[in-house]
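There are 2 protein chains.
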Amino acid sequence: MAQNIVVVGAVALGPKAACRFKRLEPESQITMIDQSSIISYGGCGIPYFISGDVSEPQQLQSTSFNMLRDEKFFDDAKDIRVMTNTQAVMIDRKAKVVHTLNVIDGKNDILPYDKLVLGTGSRPKQLKIPGSDLKGIFPVSDMHTAIEIKEKISGGSVGKALIVGAGFIGLEIAEALADLWGIETTVVEITNQVFPRFISKNLAHMVQHHMEENEVSFHLSEKVLRFEGDETVQSVVTDKRTIETDLVIMAVGIEPNTGLARDAGLKISPRGGIVVNKQMQTSDPYIYAGGDCVEIENLITEKPGYFPLGSLANRQGRVIGTNLAGGNEQFDGAVGSFVVKLFEISVAGAGLTLDVALQEGFDAISAFIVQFDRAHFYPEKDLMYLELVVERETGRVLGIQGLGNTGEGMVGRINAVAELLKHKPTTRDISNLELAYSPPFSSAMDIINALGNTAENILEETNRVMEADEFIAWWLEREKDETFFLDCRGWGNAEEYVEKYPDHWKSIPQDELSERLGEVPVDKRIVLICNTGVRSYEAQVTLDQAGIRNSYNLQGGMAAVKKLGFDI
Amino acid sequence: MAQNIVVVGAVALGPKAACRFKRLEPESQITMIDQSSIISYGGCGIPYFISGDVSEPQQLQSTSFNMLRDEKFFDDAKDIRVMTNTQAVMIDRKAKVVHTLNVIDGKNDILPYDKLVLGTGSRPKQLKIPGSDLKGIFPVSDMHTAIEIKEKISGGSVGKALIVGAGFIGLEIAEALADLWGIETTVVEITNQVFPRFISKNLAHMVQHHMEENEVSFHLSEKVLRFEGDETVQSVVTDKRTIETDLVIMAVGIEPNTGLARDAGLKISPRGGIVVNKQMQTSDPYIYAGGDCVEIENLITEKPGYFPLGSLANRQGRVIGTNLAGGNEQFDGAVGSFVVKLFEISVAGAGLTLDVALQEGFDAISAFIVQFDRAHFYPEKDLMYLELVVERETGRVLGIQGLGNTGEGMVGRINAVAELLKHKPTTRDISNLELAYSPPFSSAMDIINALGNTAENILEETNRVMEADEFIAWWLEREKDETFFLDCRGWGNAEEYVEKYPDHWKSIPQDELSERLGEVPVDKRIVLICNTGVRSYEAQVTLDQAGIRNSYNLQGGMAAVKKLGFDI
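Residue numbers (our numbering), protein chains in the order written: chain D, 1 to 568; chain A, 1 to 568.
Treat the hints loosely; a few may be bogus.
Identical chains blur together in the list; that is why a pair holds if it fits in one copy or across any two.
With a straight-line cut-off of 35 Å between C-alpha atoms, the simulated DSBU-like cross-links for lysine-lysine are [said to hold, decoys possible]:
| hint | residue 1 | residue 2 |
| --- | --- | --- |
| 1 | 506 | 72 |
| 2 | 125 | 72 |
| 3 | 278 | 422 |
| 4 | 72 | 94 |
No lab work stands behind these hints, which were simulated from the structure alone. A quick note: this is a predicted structure, and the numbers were derived from the prediction, not measured.
Based on the provided sequences and hints, a complete structural model is requested.
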């Protein structure tokens, strides 16, 4: 029997659900409404539109075969009716109708449905602080504001920009402004790191250092108090300083857009997302919801989670489309995979960081290593920085995060582990992970496998590690003479440091250590240093065997210290 | 209690097992013997040494921190004794000793062991045909022959080269010779495709076409009968022709090197590999074996499989090292992940091809799609070609293979699925695979997800497909007038074909099809054509709805046809 389907929201989830349903039930009717005039665009492309990598807004709204996904396209190519500039103002669940308002002509309409789909998405969080209504302050919420931002920049009136929030959108926009438009760009972030909750402080400091090298300034642990200006914003006042600016981008996070669902009495989670089951049905079985307005299961914590990603919205859309047509497809949840490109690096991850794992009640540790992304003898290669979060008792892997160059090598490693996370892997699974091997793509013992091995060694306490941050702190206090800094590399690597710091930097190459144990003090803590942490681990085994156990292996070695921008 | 360990074979597995064991039990003794003078090198780097990408053989034998992994290195840095040029001639399992022969001075020795490790590797298969002993015919078996080959090439006497075998080593060497040395290179292969059993014929033809564009010649389905020449090889006689050559590379496969194990009475599989359990123990619990000389479980077929890969050897080596020290580590098996770079493309896969799946008794189908590797609006992107092999009844995914550019995008997709294959995923898991998304790395609906969706549609018979090869065959018989070739793209794409073939090429853009059904004949089979197979699938849904069901969707569209090198 032909059905009558209404879809609210025509970006990502809505169109995917509609198209899938219509292919399965061509005889049914489907109407998709959206309050905007621009629909079915790739919202994740907005930073690339602002940067100029993507020149026209229409490119984000086109299919891969260059057809504009507008009302006519959906009508002609998909037999889907689209009403733009149309707001859903109320759902009458008893009557099974949606009341709508045309935002242009003010006309009201009533759309009956057999089944309803909510893809109402998210909205930018707002700081309720003085001056928020000044001109020149923009959220990154949709194509309309994106076009406004780009017009303002390309007008040439923006010399300085300030971004509030060091999350994904904030830093992507920071790159767009600084790199391609040459704007003096400052990021203010209320927490003490970039990408809070997504990567460790250690990795965050590396990301920050890389962006600072590319002329982006940061003020962390700093709270924006108000905006000042005469009609247009001219300065931002934080709890520590006043910063002049011509443009403010608000990127302090997003939240589910659930007013319509809430008013209709659908179940909303304490965190604010629409509650759905694995079939993507709301508490009303005739109403489906998905994308940025819902909560789905975090497959690591097995608690509700919020994963506002266009990729997941698309997958959920297809599940809804199938189920609208009588199928029984499920969307299980997510582990929170992400990747972002920033200047010359990519940052990616999946699952929990160590901090989040601890907050969630896991007794967890993390392992961090630095290794070449390809066979070390292959001419083109780069160092990769990778961290694994592991539950101490079980060895269960809870998350992985890392930093590499802008190729797909970094995200490829994360993707190889991300899917596996759903099957509760242990370090052993990571040690034996079967990555395709060829020297132009990986090492025989790939960084992923080495990371699993290192995590296992840390759990077994044969590898006792310290982080680069901690090393720097100890080094800065070297005059206290509490720490013995032992360089385990060959003399060629160690020489410059020994000559610069003869009283503090000791060179004993790892392969000479067992013969020169007498030179190692037993009354100090010992920091073992090499290029990446491999030889220093071997040195630790040698010291342990000699009964000298007060040593710490510098994880990631001097490569990690340098990546933090610290110069010894 | 300190143990005495002997390891036979000092490449990949042996050194890894020895180092791991020694770190866990520093007080024990370990002796590693190898018949060669060059040990612990990266054998997979040989093609890059021959090409010149890697200039010195020592680079393949060095650590990532540029220390040569020779006898002295293992002694000083690892406290492992190494005997090079030393052959293991006999294992006396009762006495628990290995009889050795020094191949330089002819001296015999006897090494007692508590536990023994066999890492005897593989040897090249040989064709027992006349002329095989002529000079200028080389296997790619070890560093010594690699050095000989490179010396001969760099001497300038090689204008033409012939490679027997179109497997991984054969084609990697073909690239090395043709690309970097400018040698006129011909590959002769006995089967009817390159990479037999590793990729489909469709993908194989694409690979072959790409190599032909790069000046490598192929003779497939052709058997080498003999080599001719006066001391040095001058020509190769096949069952179809005689080919002049200055150099022959034999790359017809490898087989486990198991003479020592066989003579010792250890269990050998019918296929010829040493039989080991998941702890990597042979039929003698005091003898471990791993790497290219053993069989391990194929985790797709759950039968014994042969996976001679340096990467797996390293992982198995670590498992053996742990178990030698009293651990209980396991190596479960492999799905056979691979990747290879050839000129401007990479080819990768995991699990079974359709042909192999059918041979193994699975009732299977395959889905093939072409899609951009990144968001289609992102400026830098490439088409990717990907095939999924699925069991018909259950939707279980049995394998995945594909072709992309030389970045890590292709291998990253394969790796994301490879590990999952061990958990018996279905198309639904592939449709919902959680890949990290950002426009510079992937699409919101990534090619992997689209591939899962397509496979599902094929299984449900809503998408009835044909391959590009088949399309070409039908097109070449177009004068028979049995087929209606319907171009579903916009007029801009279709115009040139319609003008060239007005009697055979019909243009109805997909978004006009429902209005122009009268132009579609009902008495012919219909081929639906677009750029990549997306719009043609939509067109098929439209035709189906109109009751016209005799249509075939060209998988991968014109992009697949072009990749095969076919010009319409």
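Here is what the structure says about each hint:
Taking CA atoms no more than 35 Å apart as the test, residue 506 paired with residue 72 passes between copies only; the shortest distance there is 24 Å, against 73 Å inside one copy. When the C-alpha separation of residue 125 and residue 72 is checked against a cutoff of 35 Å, the pair qualifies only within one copy, where the shortest distance is 33 Å, while the shortest distance between copies is 63 Å. In this homomeric assembly, residue 278 and residue 422 come within 35 Å of each other (Cα to Cα) both inside a single copy, at 15 Å, and across copies, at 24 Å. In this assembly of identical chains, residue 72 and residue 94 lie within 35 Å of each other by CA distance solely inside one copy; the values are 32 Å within and 83 Å between copies.
The structure is consistent with each of the numbered hints, conforming to all of them.
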